[in-house]
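Visitor: The chain contents come next:
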Amino acid sequence: MHRYLLVLFLGIICAVSALAVDIVVIVNPKSGVDLLSKDDVIDIFMGRNRQLSSGIPTLPLDLPDTSAERENFYARLTGKSISEINAYWARLNFTGRATPPALVRSQEEAIHKVIDNRSSLAYVTRSKISAQVKVVFELNEK
Amino acid sequence: MTSCTHIRNLIILTLICFVPDSYAKQAGGIEYSGSGFLTIAAGQMLGGTRANVEDYNCPCFLSDYAHASVYDSRSGLQWKPDTKIGVQGSASYNDVSVTAQVVARSAMGTADLEWLYGNYNMNDKISIQLGRKRLPMFYYSDVQDIGFSLPWAHVPPSLYGWEVVNYNGANIRYQDRFGDWSATANLLAGNENNNNSGYWKIYNGRQSKTSVKWTDIVGGDLTLSKDWLEARTVYIQSKMDESYGGMVWDTNPADSTYQTYIPQSGPIYPQSKQRIYGLAVNADYQNWLVRTEFIQIDHPGLTWRDHAQIVGVGYRYGKWQPMFTWSEYQLTVVTDGVLPTALPSYPMLQPLLTLTLRYDLTPTSDLNAQYESLKDESSPLNYPNYGNSRLLTFTYDMVF
Numbered sequence: 001m002h003r004y005l006l007v008l009f010l011g012i013i014c015a016v017s018a019l020a021v022d023i024v025v026i027v028n029p030k031s032g033v034d035l036l037s038k039d040d041v042i043d044i045f046m047g048r049n050r051q052l053s054s055g056i057p058t059l060p061l062d063l064p065d066t067s068a069e070r071e072n073f074y075a076r077l078t079g080k081s082i083s084e085i086n087a088y089w090a091r092l093n094f095t096g097r098a099t100p101p102a103l104v105r106s107q108e109e110a111i112h113k114v115i116d117n118r119s120s121l122a123y124v125t126r127s128k129i130s131a132q133v134k135v136v137f138e139l140n141e142k
Numbered sequence: 001m002t003s004c005t006h007i008r009n010l011i012i013l014t015l016i017c018f019v020p021d022s023y024a025k026q027a028g029g030i031e032y033s034g035s036g037f038l039t040i041a042a043g044q045m046l047g048g049t050r051a052n053v054e055d056y057n058c059p060c061f062l063s064d065y066a067h068a069s070v071y072d073s074r075s076g077l078q079w080k081p082d083t084k085i086g087v088q089g090s091a092s093y094n095d096v097s098v099t100a101q102v103v104a105r106s107a108m109g110t111a112d113l114e115w116l117y118g119n120y121n122m123n124d125k126i127s128i129q130l131g132r133k134r135l136p137m138f139y140y141s142d143v144q145d146i147g148f149s150l151p152w153a154h155v156p157p158s159l160y161g162w163e164v165v166n167y168n169g170a171n172i173r174y175q176d177r178f179g180d181w182s183a184t185a186n187l188l189a190g191n192e193n194n195n196n197s198g199y200w201k202i203y204n205g206r207q208s209k210t211s212v213k214w215t216d217i218v219g220g221d222l223t224l225s226k227d228w229l230e231a232r233t234v235y236i237q238s239k240m241d242e243s244y245g246g247m248v249w250d251t252n253p254a255d256s257t258y259q260t261y262i263p264q265s266g267p268i269y270p271q272s273k274q275r276i277y278g279l280a281v282n283a284d285y286q287n288w289l290v291r292t293e294f295i296q297i298d299h300p301g302l303t304w305r306d307h308a309q310i311v312g313v314g315y316r317y318g319k320w321q322p323m324f325t326w327s328e329y330q331l332t333v334v335t336d337g338v339l340p341t342a343l344p345s346y347p348m349l350q351p352l353l354t355l356t357l358r359y360d361l362t363p364t365s366d367l368n369a370q371y372e373s374l375k376d377e378s379s380p381l382n383y384p385n386y387g388n389s390r391l392l393t394f395t396y397d398m399v400f
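These protein sequences, in sequence, are chains E and Y.
Per my numbering, residue 1 is the first one in the first sequence, and the count goes up by one each step.
Per my numbering, residue 1 is the first one in the second sequence, and the count goes up by one each step.
For the record, the hints were derived by calculation from the structure and aren't laboratory data.
Mixed in with the good hints there might be a few duds.
Pairs of lysine-lysine, DSBU-like flavour, derived with a Cα cap of 35 angstroms [stated by the list, open to error]: (1) E:38 x Y:375; (2) E:30 x Y:125; (3) E:80 x Y:209; (4) Y:375 x E:113.
Distance windows between CB atoms, simulated [to be verified]: (5) Y:185 x E:55: 15 to 25 angstroms; (6) E:54 x Y:332: 53 to 63 angstroms; (7) E:116 x Y:94: 48 to 58 angstroms; (8) E:68 x Y:317: 14 to 24 angstroms; (9) E:54 x Y:185: 46 to 56 angstroms; (10) Y:272 x E:55: 29 to 39 angstroms; (11) Y:185 x E:80: 49 to 59 angstroms.
For every residue, glycine included, the Cβ atom is placed at its ideal position computed from N, Cα and C.
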């Protein structure tokens, strides 16, 4: 009985840890950017800024609608749900004011694109990153 | 419907069938992207003033003036007034892009080219656009067809109910940041010519054809936003020329059996000018959303002035969003030094209360239930006078 309780307890710990993972914004080391503020990240991922401080054009990347990382990223960054973010983008996209971040299928694909392109930015969980990318912003759970 | 209309509808349906989700592809340096939106609406009149107004069997609710979207009492549950589908495609090469948007509306039974414009990004802050676009009279003008991006089942007709929604011309847009504030300024110039105005079908009969010309359109808008606050102001002026183009519905108030179409041509009123002033202040603070907007339209040389305003407050509770909106259209008679016109003016006042409950079904779709109650406090001398109305609407919105 005690063994089952222990397994259940460890399962809960793991589930809570999974929900509380740190999300980081990564760039290519050659982007010329060392650090971004929260407002910088909001401006880039909400289509208000198309250029990094180093003068390089920005190519932000988005994970799929169904990904928990995407939901966590926007909830922590803007306090908005994915539906609200999509409604915001519907307004800008259909009127040609701005183009939403390019969609990638997974965190692994996002990391590969950042390694391949010095303009790309992506948000991923900290545990996924390698030395080939640079962390410029951290979104810890509140 | 004409065969051309059938072909257009077929093309749109084909596009929709083969584009199940928004897409983007690149070929030869040119990037193609496509997306779309859909609203399926069902509404039923719950009550109001019983009368035959023009060739409508009322009580009636006018949900979209520009496209003659009218819920009436002829049928029960009606899907035509607000159901619509749109597809948009764009091709871009470096800083140049071309965008087209076609919208098929059940209300008009047609598919129309709403947008077709070329865009050139001069630099990171300035872009120039040329072609057919939405006239930015209101905060939600650009997306008034995209139900998913609205907090209502449809935009409040008291404010958004106008005869012209698009124009052909050019605009230059400037985007920048000033400290914590984001700013977007837009200047535009162009013309609009509609030979079969949906707006005037409401006043001249469903089978009527009325020509509306707005020429020498010049204006601009400025939007400032910071965190949860956004403010927008707009000024547009133009010349107006509106003419009967054939048959209009004729009613003799003294003889209720006399209701028919009669030939009518010539101007509705003398060519005139208009000046449009608008202001919107909106907030998205934590779970609260507030929408306020005001517009005034002066018509130098004519005998009336238009005013309309909305105030809406909503609260996001998870996937649910209840919202209460008060809106009002008002026409005031202006007689100071203005010559009488062929069209006499009488005061109008139409407050509208709207209760909306939105539920986010998926990240790209929602459901709305909306109750609206309009009280017509206009002068009885006005004709046609649609009177009071109460409407219940359900909508399903999605973007793809």
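Visitor: Are the hints correct? Go through all of them and say.
Guide: To see whether the hints hold, each was checked on the structure:
For a cut-off of 35 angstroms, the pair hint linking residue 38 of chain E to residue 375 of chain Y is broken: about 47 angstroms separates their Cα positions. In summary, the hint linking residue 30 of chain E to residue 125 of chain Y is supported, as the alpha carbons are separated by about 24 angstroms, within the 35 angstroms threshold. Distance restraint check for residue 80 of chain E and residue 209 of chain Y: the Cα-Cα separation of roughly 46 angstroms exceeds the 35 angstroms cut-off, and the hinted pair is therefore not satisfied. Between the alpha carbons of residue 375 of chain Y and residue 113 of chain E the distance comes to roughly 58 angstroms, so the proposed pair goes past 35 angstroms and is violated.
With their beta carbons about 24 angstroms apart, residue 185 of chain Y and residue 55 of chain E fall inside the hinted range of 15 to 25 angstroms. Taking 53 to 63 angstroms as the suggested C-beta distance range, the pair residue 54 of chain E and residue 332 of chain Y conforms, at roughly 56 angstroms. At about 20 angstroms, the CB distance of residue 116 of chain E to residue 94 of chain Y disagrees with the hint of 48 to 58 angstroms. In this structure the supplied range 14 to 24 angstroms holds for residue 68 of chain E paired with residue 317 of chain Y, their Cβ-Cβ distance being about 21 angstroms.
Under the hint 46 to 56 angstroms, the C-beta atoms of residue 54 of chain E and residue 185 of chain Y, about 27 angstroms apart, miss the expected range. Between residue 272 of chain Y and residue 55 of chain E the beta carbons are some 51 angstroms apart, a value that contradicts the proposed interval 29 to 39 angstroms. Between residue 185 of chain Y and residue 80 of chain E the beta carbon distance is about 26 angstroms. The supplied range of 49 to 59 angstroms is therefore violated.
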